[in-house]
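**Student:** Residue numbers (the numbering used here), protein chains in the order written: chain A, 1 to 426; chain B, 1 to 147.
Hints are supplied without guarantee of correctness; some may be wrong.
Here are the simulated DSSO-like cross-link-like pairs (lysine-lysine), alpha carbons at most 30 Å apart as the crow flies [claimed, not checked]:
#1 3(A) x 70(A)
#2 418(A) x 64(B)
#3 366(A) x 51(B)
#4 78(A) x 136(A)
#5 52(B) x 422(A)
#6 219(A) x 255(A)
#7 219(A) x 136(A)
#8 51(B) x 422(A)
#9 144(A) x 51(B)
#10 357(A) x 52(B)
#11 115(B) x 41(B)
#12 357(A) x 41(B)
#13 366(A) x 41(B)
#14 121(A) x 219(A)
#15 219(A) x 141(A)
#16 136(A) x 95(A)
#17 357(A) x 112(B)
#18 399(A) x 52(B)
#19 357(A) x 51(B)
#20 2(B) x 418(A)
#21 115(B) x 357(A)
#22 144(A) x 78(A)
#23 138(A) x 78(A)
#24 399(A) x 418(A)
#25 64(B) x 422(A)
#26 258(A) x 174(A)
#27 136(A) x 41(B)
#28 112(B) x 29(B)
#29 95(A) x 3(A)
#30 419(A) x 64(B)
#31 136(A) x 112(B)
#32 113(B) x 167(A)
#33 258(A) x 78(A)
#34 366(A) x 419(A)
#35 29(B) x 70(A)
#36 115(B) x 167(A)
#37 64(B) x 3(A)
Just some of the chain A residues that point at chain B, by a computed CB distance under 10 Å [unchecked claim]:
#38 52
#39 323
#40 326
Simulated from the structure, these hints should not be mistaken for laboratory data. Heads up, the beta-carbon is just placed ideally off N, CA and C, and yes, glycines get one too.
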Amino acid sequence: MSKYVIVGGSVAAISAVEAIREVDPAGTIAIIAEEPFPTYSRPLIGDYVSGEATWDKMMYRSDRFWSENKVETFIGSKAVRLNFTERFVETDAGKRIEYEKLLLATGSEPLIPKIDGSNRKGVFVFITLADAENLKAKCEKAEKAVVVGGGLIGVCAADALTEVGAKVTIVELKERLLSLLFNSTASRIIEEAARSSGVDIVTGHTVARIGGMLGDESKVGIVVLDSGETIPCDIVVLAAGVRPRVELVARTGLKVNKGIVVDRFMHTNIPDVYACGDVAEAYDFVSGEGRVLPQWPTAYMEGRTAGHNMAGISEEYSGGTVMSALKYFNVPAVAVGITNPTENNDFEVLTNHDSAKNVYKKVALKDGVIKGFILVNDICKAGVMYYLMQMNVNVARFKSELLSEDFGFISLPEHLRKKILKEVAQ
Amino acid sequence: MKKIVFREEACMGCRLCEVYCIVQHSMSKDIIKSHRREETKPVSRITVEVKKPHIMTARCQQCKTPLCVASCLSGAMYRDAESGLVTHDVDKCIGCWTCTMVCPFGAIVMDKKRKVVAKCDLCQGMQVPACVANCPNDALVYQEVSP
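Whole structure, please, built from the sequences with the hints as guidance.
**Tutor:** Dropping the structure here:
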């Protein structure tokens with residue numbers, strides 16, 4: 001019997017443990033984590049493949065993190081059954097772990113497109129450290145790679161593979177890369193950078209079939225597009241995105257929409273059962289509704305809120321939203337919130353494209369409040385904008401400054417600066 | 001904890017704070033060498049921002065619940081519970097710029113050459129941070145701020 005039982009061992013679980021320990025230094029904690037690794041950082045798998053991040057650098061917390069926090073660990077075990085009436089979790093090893101408070105932080109799993117031939121050797125997904133190790137072992141000898149999907153994971157994989165010397169082709173169904181995060185101008189800047197690093201980009205097409213190698217049909221040799229075009233390759237990375245891992249909670253009575261539905265306290269519809277991280281559908285402060293956000297920083301913040309609430313401190317989650325900072329192909333770029341508003345009548349969109357400097361900025365306002373923004377190649381004051389957005393500040397009076405080169409904390413009205421300094425820093 | 005406090009009324013915008021921040025975080029600790037000869041000249045962790053008639057310095061405020069720590073992808077950014085210092089392990093940083101995306105003060109500086117971020121460390125090991133010690137008009141002061 002543990003007071004707190006956490007299913008999952010990545011950032012949401014880690015931050016929940018840290019938060020629980022701030023409040024309850026003694027209560028017993030147990031975690032059930034499938035991956036046989038210490039606490040590592042998933043977003044760094046690209047850097048791991050490229051060689052920029054060593055194994056040590058991959059580690060998110062000390063390798064004694066669990067023991068330092070007096071956490072009983074079931075690492076390499078998989079939770080296979082939940083019983084909310086008798087309050088226990090059962091693992092694949094047949095172990096029954098009883099709980100007083102349960103946290104589901106099972107994360108997400110890769111969406112694998114149904115492509116004929118995707119069982120061939122040399123086809124990878126790119127989510128976990130194990131995936132990265134597999135890819136790293138193979139790509140040192142590889143010459144040509146095809147990345148299927150031009151979203152964040154695909155661009156990350158393409159950047160890493162390019163770094164290690166592979167010739168990469170990205171195949172994206174939409175008409176441009178990173179279409180969910182950026183608008184066309186911003187996507188173009190990143191696409192140009194990728195192309196000048198040697199990446200081929202095929203948009204508007206999909207992979208119809210992954211063919212075998214001449215002489216060894218079990219290995220990848222070629223990719224056939226829906227157009228009939230063929231691309232010879234020895235690696236294929238499937239990067240079609242992720243979805244919440246909810247198989248554990250199926251038919252348990254736990255409310256699931258796209259992810260596990262939680263309230264502002266990370267509590268599910270079942271008493272004493274909480275969820276956070278990629279698997280949860282938590283509050284998005286832009287839409288005002290629940291939303292699955294498979295992002296590291298939001299998982300951390302949700303984990304903190306869950307941990308505090310489980311330990312008895314009532315804390316309302318302030319909410320997250322789409323937020324990504326990118327560094328791929330040496331183009332620093334940020335996308336936050338609604339970056340492509342469609343109901344143009346309600347939104348006021350400000351843009352500034354300095355093509356000489358390759359700098360692009362876009363802000364979407366609604367009723368004077370920032371609802372989303374894109375910054376490319378000049379991102380150092382993104383945080384000021386993010387704060388204004390999160391705090392629902394009406395920026396109408398100084399909106400002309402948002403896109404200027406010298407935008408910064410100084411651009412805010414004096415009373416606001418004083419308020420923020422007081423509230424945030426102290 | 002002791003923090004750097006800015007007195008707008010005393011600042012002339014001379015930017016010596018930026019100069020001495022660079023010197024202090026350089027290899028040579030020499031004003032000429034650090035600015036002219038060091039291949040990887042450090043970035044200043046303090047920035048003077050001017051919007052006449054106002055002036056201020058963007059720098060880390062050592063937040064109590066820092067967003068940069070919460071959002072750090074690699075675990076490089078952390079807050080020392082005892083001293084209250086928000087600090088950054090440069091060897092763990094991968095330059096993903098996520099902390100830059102969330103700092104309300106725009107105080108986390110991108111060191112694009114090294115592909116890492118840099119932030120004010122209150123000049124650990126020194127009695128008074130270099131920017132404060134070299135501010136000619138006491139616009140920057142180092143004093144106890146609660147909590």
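**Student:** Each hint needs a verdict: does it hold in this structure or not?
**Tutor:** Verification of the hints:
1. Annotation: proposed proximity of residue 3(A) to residue 70(A) holds, straight-line Cα distance about 12 Å (limit 30 Å).
2. With a C-alpha separation of about 17 Å, the suggested pairing of residue 418(A) with residue 64(B) holds against the 30 Å cut-off.
3. With a C-alpha separation of about 26 Å, the suggested pair residue 366(A) and residue 51(B) falls inside the 30 Å cut-off, and the hint holds.
4. Taking the CA atoms of residue 78(A) and residue 136(A), the gap is about 26 Å. The hint holds against a cut of 30 Å.
5. The suggested pairing of residue 52(B) with residue 422(A) holds, with an alpha-carbon distance near 23 Å, which does not exceed 30 Å.
6. Of the pairs offered as hints, the one joining residue 219(A) and residue 255(A) is violated, with about 42 Å between alpha carbons and a cut-off of 30 Å exceeded.
7. Between residue 219(A) and residue 136(A), the direct Cα distance comes to roughly 17 Å. Compliance with the 30 Å bound is thereby established for this hinted pair.
8. The suggested pairing of residue 51(B) with residue 422(A) holds, with an alpha-carbon distance near 21 Å, which does not exceed 30 Å.
9. Taking the CA atoms of residue 144(A) and residue 51(B), the gap is near 52 Å; set against the 30 Å cutoff, the hint is violated.
10. For the hint linking residue 357(A) to residue 52(B), the alpha-carbon distance of about 26 Å falls within 30 Å, and the restraint holds.
11. For the proposed pair residue 115(B) and residue 41(B), the alpha carbon gap of about 13 Å is at most 30 Å, so the pair holds.
12. Annotation: proposed proximity of residue 357(A) to residue 41(B) holds, straight-line Cα distance about 22 Å (limit 30 Å).
13. Note on residue 366(A) and residue 41(B): the hinted pairing is violated, with a Cα-Cα distance of about 42 Å set against a maximum of 30 Å.
14. Of the pairs offered as hints, the one joining residue 121(A) and residue 219(A) holds, with about 5 Å between alpha carbons and a cut-off of 30 Å not exceeded.
15. Restraint check for residue 219(A) and residue 141(A): the C-alpha separation of about 14 Å stays at or below 30 Å, so the hint holds.
16. Among the hinted pairs, residue 136(A) with residue 95(A) is inconsistent with the structure: their alpha-carbon atoms are about 34 Å apart, more than 30 Å.
17. Restraint check for residue 357(A) and residue 112(B): the C-alpha separation of about 16 Å stays at or below 30 Å, so the hint holds.
18. Restraint check for residue 399(A) and residue 52(B): the C-alpha separation of about 17 Å stays at or below 30 Å, so the hint holds.
19. Restraint check for residue 357(A) and residue 51(B): satisfied, since their Cα atoms lie roughly 23 Å apart, inside the 30 Å limit.
20. Among the hinted pairs, residue 2(B) with residue 418(A) is consistent with the structure: their alpha-carbon atoms are about 19 Å apart, no more than 30 Å.
21. For a cut-off of 30 Å, the pair hint linking residue 115(B) to residue 357(A) stands: about 19 Å separates their Cα positions.
22. About 36 Å separates the Cα atoms of residue 144(A) and residue 78(A), which puts this hinted pair outside 30 Å; it is violated.
23. About 28 Å separates the Cα atoms of residue 138(A) and residue 78(A), which keeps this hinted pair within 30 Å; it holds.
24. A distance of roughly 19 Å separates the Cα atoms of residue 399(A) and residue 418(A); the hinted pair therefore holds under the 30 Å criterion.
25. With a CA separation close to 11 Å, the supplied pair residue 64(B) and residue 422(A) stays within the 30 Å bound.
26. Straight-line distance between C-alpha atoms of residue 258(A) and residue 174(A) comes to about 23 Å, which keeps the hinted pair within the 30 Å bound.
27. For the hint linking residue 136(A) to residue 41(B), the alpha-carbon distance of about 33 Å lies beyond 30 Å, and the restraint is violated.
28. Of the supplied pair hints, the one linking residue 112(B) and residue 29(B) holds, its CA atoms being roughly 21 Å apart against a limit of 30 Å.
29. Proximity of residue 95(A) to residue 3(A) is assessed by CA-CA distance (about 16 Å); at most 30 Å being required, the pair is judged to hold.
30. Straight-line distance between C-alpha atoms of residue 419(A) and residue 64(B) comes to about 15 Å, which keeps the hinted pair within the 30 Å bound.
31. A hinted pair counts as satisfied when its Cα atoms are at most 30 Å apart, and residue 136(A) with residue 112(B) qualifies at roughly 26 Å.
32. Pair hint residue 113(B) plus residue 167(A) holds up; C-alpha atoms about 25 Å apart against a cutoff of 30 Å.
33. Of the pairs offered as hints, the one joining residue 258(A) and residue 78(A) holds, with about 22 Å between alpha carbons and a cut-off of 30 Å not exceeded.
34. Simply put, residue 366(A) and residue 419(A) have alpha-carbon atoms about 23 Å apart, close enough for the 30 Å limit, and the pair holds.
35. For the given pair, residue 29(B) sits about 44 Å from residue 70(A) by alpha-carbon distance, which is inconsistent with the 30 Å threshold.
36. A distance of roughly 24 Å separates the Cα atoms of residue 115(B) and residue 167(A); the hinted pair therefore holds under the 30 Å criterion.
37. Restraint check: the Cα-Cα separation between residue 64(B) and residue 3(A) comes to about 28 Å, which is no more than 30 Å; the hinted pair holds.
38. With a cut of 10 Å, the hint placing residue 52(A) at the interface with chain B holds, because the nearest CB-to-CB distance is about 6 Å.
39. A hinted interface residue such as residue 323(A) counts as satisfied when its beta carbon comes closer than 10 Å to some beta carbon of chain B; here the least separation is about 6 Å, so the hint holds.
40. Interface restraint check: residue 326(A) against chain B, minimum CB-CB distance 8 Å, threshold 10 Å, status holds.
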